[in-house]
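Chains as they are written, first to last, in this note's numbering: chain A, 1 to 435; chain B, 1 to 245.
Mixed in with the good hints, there may be bad ones.
Claimed, not checked - In silico lysine-lysine, DSSO-like type, Cα no more than 27 Å apart, as pairs:
{"no.": "1", "chain 1": "B", "residue 1": "K229", "chain 2": "B", "residue 2": "K151"}
{"no.": "2", "chain 1": "B", "residue 1": "K32", "chain 2": "B", "residue 2": "K122"}
{"no.": "3", "chain 1": "A", "residue 1": "K324", "chain 2": "B", "residue 2": "K223"}
{"no.": "4", "chain 1": "A", "residue 1": "K324", "chain 2": "B", "residue 2": "K151"}
{"no.": "5", "chain 1": "B", "residue 1": "K151", "chain 2": "B", "residue 2": "K223"}
{"no.": "6", "chain 1": "B", "residue 1": "K229", "chain 2": "B", "residue 2": "K217"}
{"no.": "7", "chain 1": "B", "residue 1": "K122", "chain 2": "B", "residue 2": "K217"}
{"no.": "8", "chain 1": "A", "residue 1": "K324", "chain 2": "B", "residue 2": "K217"}
As the list claims (entries may be wrong) - Facing chain B, from chain A, some residues (calculated, C-beta under 7 Å):
{"no.": "9", "residue": "R28"}
{"no.": "10", "residue": "E30"}
{"no.": "11", "residue": "I163"}
{"no.": "12", "residue": "L242"}
{"no.": "13", "residue": "T244"}
{"no.": "14", "residue": "R250"}
{"no.": "15", "residue": "V251"}
{"no.": "16", "residue": "E254"}
{"no.": "17", "residue": "E259"}
{"no.": "18", "residue": "T293"}
{"no.": "19", "residue": "E294"}
{"no.": "20", "residue": "V295"}
Hints listed in this document are in silico derivations from the structure and should not be mistaken for laboratory results.
Just so you know, even glycine gets a beta-carbon here, dropped at the ideal spot from N, CA and C.
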Amino acid sequence: MALLIAIALFVAQAINFAMLLQDRRAARYETATGPAVARLVDAIERANAGHPIERTRGRLHQEDVSPVNPAGEHRPDVEQGLRTELAEAGLKVGKIETEVRDLHRGDPRLRRWNPAAADRAVRMGGELIIAVEQPGHGWLVLSAPWPRAEAYLIWRLLSQTLILYGIVLLPVLWIGRRLSQPLRSLAVAARNFVPGEVDVPVEERGPQDLRDVIAAFNALRLRVTAMLDEKDRMLGAIGHDLRTPLAALRVRIESVEDETDRARMAETIDEMNHTLDDILSLARLGRPSEPLTEVDLAALVDAVVEDFRDLDNDVTFEEAERLKMRLRPSLMRRAVRNLIENAIKYGKSAEVRIVADAHAVSIVVADQGPGIPPEQLGNVFEAFTRLETSRNKDTGGIGLGLALARAIVRNAGGDVTLANRPGGGLDATITLPRG
Amino acid sequence: MLNAEPMGETPHLLLVDDERSIREPLAQYLTKQGFRVTQTGDAEAARTRLTAYAIDLVILDIMMPGEDGLSLCRHIRETSETPVILLTARSEETDRIVGLEMGADDYVVKPFSPRELATRVKVILRRAAAGGARQHAPDSGSFAFAGWVLKSGERALVDREGVSVPLSTGEYNLLHALVTRPRQVLTRDQLLDLTQGREAAAFDRAIDNQVSRLRRKIESDPKTPELIKTVWGGGYTLAAEVTRL
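Generate coordinates for the entire structure from the input sequences, incorporating the hints supplied.
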């Protein structure tokens, strides 16, 4: 941005100076030719009236040969102008030649001039030699000051631009910094914003507009957190409100005489409660209350499998090496449990194994069930999806388990994938990044 | 058997729950189980009942309008030794731990099985009657032994490096039973008794199996166990100093 401003300033300056140069050139032309014409006319008229022109002194003198060096710098524009003006004055002259010469402080001629004029001439940096041929009378030679404007103007352009930079660019840079630093910290805060996590508000810095934006962001963040708190409270209330009638029902079924009936009712209530737990966990996942802990993942999977085996489920686990991971153990247990539960529900049994390499750990839960039609592999993760068509219908339950498992694993930076095995059965795989 | 005791000895329970739909059938059930039950719907009334009657045990709902169960539980703990069982609708582990830190003896999570609740009431009353010191609730606190820490709330074992080793429910219950009774010989029957009932899960699998699984996890050499020792003809014992954290 600073570079852009610098370039813009420079271009503006250059345009200014080009116009100024144009002006200067026109003025120079005027100052060089105007007096020269007057002098020439005056001298020639006086010569015609019988006053000879001094040969050596003064600015105007007569020479036999043109002093103009053919290799020097000529000014055809001046030559043309002089010819026109002399013709207008009714004077006939021969060739007109011009040459621009540098004028240095050490020039011997300067000593004869009065000091003020000499000084001015030197500052101009050059002189214009005009030689006008009078056919038969030699050459009338005249010297006029010729400002060496270009170099001088370029220096001025540079120095003025530098001054401008000093005056404009530095404050611009300063303002830019004042803007960009708070903006950057705002961007960082927005990027790192974890809803619900209590965080220090972004410091209100910079110009008023920016302070307003930061204040608005801080307020927004508080509002989001407040909304999530509200959601948590709502869910807590829903949980309470649903658990209470469930609990009442659970107490009441003790009066049911029939043992089998009572057991079935208790089972149904447990199932409902389990689903309620899943719903609450899924909704609360964005704000886990459980801290990250160093856990032996192999032991975690083993413990979950063991719980299933204790309930007489056909679940096997290939014992694995100790595998240290940083995660939320209760949530991960739940994810593994849900996958195994799903495998048992649809495939009657589950084979669990852990595959670890340097970058990732996979927990594979393989069942012997019918698998999932390929075109439906994607949407089984949608909460409340159940594949009635191919999977066992009477097992009940909604497809919340898989959705929750995937949400938990994704929350931990991994993913859950499903794949049909060529020989039949489904592989549900939790993949977690390592380290 | 409780039913065989004379009327005056009938344990008197105070049931505090704002939900009539739970309180009334539960009171009915517990009465059928041979308890004398006084029920109230709020903490205020519970306080007056506590001073008016000789209450043997309080069953207390945590979530109540007005003064909540936790606060009442703290009050009971400050003023008496009366055991408390909490009824909680919350499944979050931390909430349970808070309740137990308030001095409750046990908790059940709604929806609970009334039978299980009755069993726990009996266990706690039996313990109190035996004159034993009040036991800490089974799920509170941590235990350090031989470089390991058993964390009750998380149901996990933490090793020297601070890495958590999750345990299955069965393993946890067994280890908990051992750790809370260090250097005592526990027979298989006792262990079965101690590890059952906490969860609805059936623990038909032999205690021996659980022990060998635990040994694989915590012994440096599972073939010559140093921590969980087999007592010839008896059962198992934990041969280590246990510090309650």
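Given the hinted pair K229 (chain B) and K217 (chain B), is their alpha-carbon gap at most 27 Å?
-> Distance ~14 Å between K229 (chain B) and K217 (chain B) Cα, so the pair holds.
With a cut-off of 7 Å on the beta carbons, see whether L242 (chain A) makes it to chain B.
-> L242 (chain A) check fails; min Cβ-Cβ to chain B is 9 Å, beyond 7 Å.
Is K151 (chain B) close enough to K223 (chain B), meaning Cα to Cα at most 27 Å?
-> holds, 26 Å
E254 (chain A) as chain B interface residue, shortest Cβ-Cβ below 7 Å = Holds, about 5 Å.
Is the hint on E259 (chain A) kept, meaning its closest Cβ partner in chain B is under 7 Å away?
-> violated, 12 Å
Would you check the hint for K324 (chain A) and K151 (chain B), treating anything up to 27 Å between C-alpha atoms as holding?
-> Holds. K324 (chain A) to K151 (chain B) sits at ~18 Å (cutoff 27 Å).
Return the status of the interface hint for R28 (chain A): holds when the least beta-carbon distance to chain B is below 7 Å, violated otherwise.
-> violated, 88 Å
Restraint satisfaction for T293 (chain A) [CB to CB of chain B, less than 7 Å] = Result: holds, 5 Å to nearest chain B Cβ.
Cut-off 7 Å, beta-carbon criterion: hint that E294 (chain A) touches chain B = The hint holds - E294 (chain A) has a Cβ within 7 Å of chain B, the shortest such distance being about 5 Å.
K229 (chain B) and K151 (chain B): Cα distance at most 27 Å?
-> holds, 22 Å
Given hint V251 (chain A) near chain B, where the shortest CB pair must fall under 7 Å = holds, 5 Å
Would the pair K324 (chain A) and K223 (chain B) pass a check requiring their Cα atoms to be no farther apart than 27 Å?
-> holds, 25 Å
When each numbered hint is compared with the structure, violations occur for hints 7, 9, 10, 11, 12, 17.
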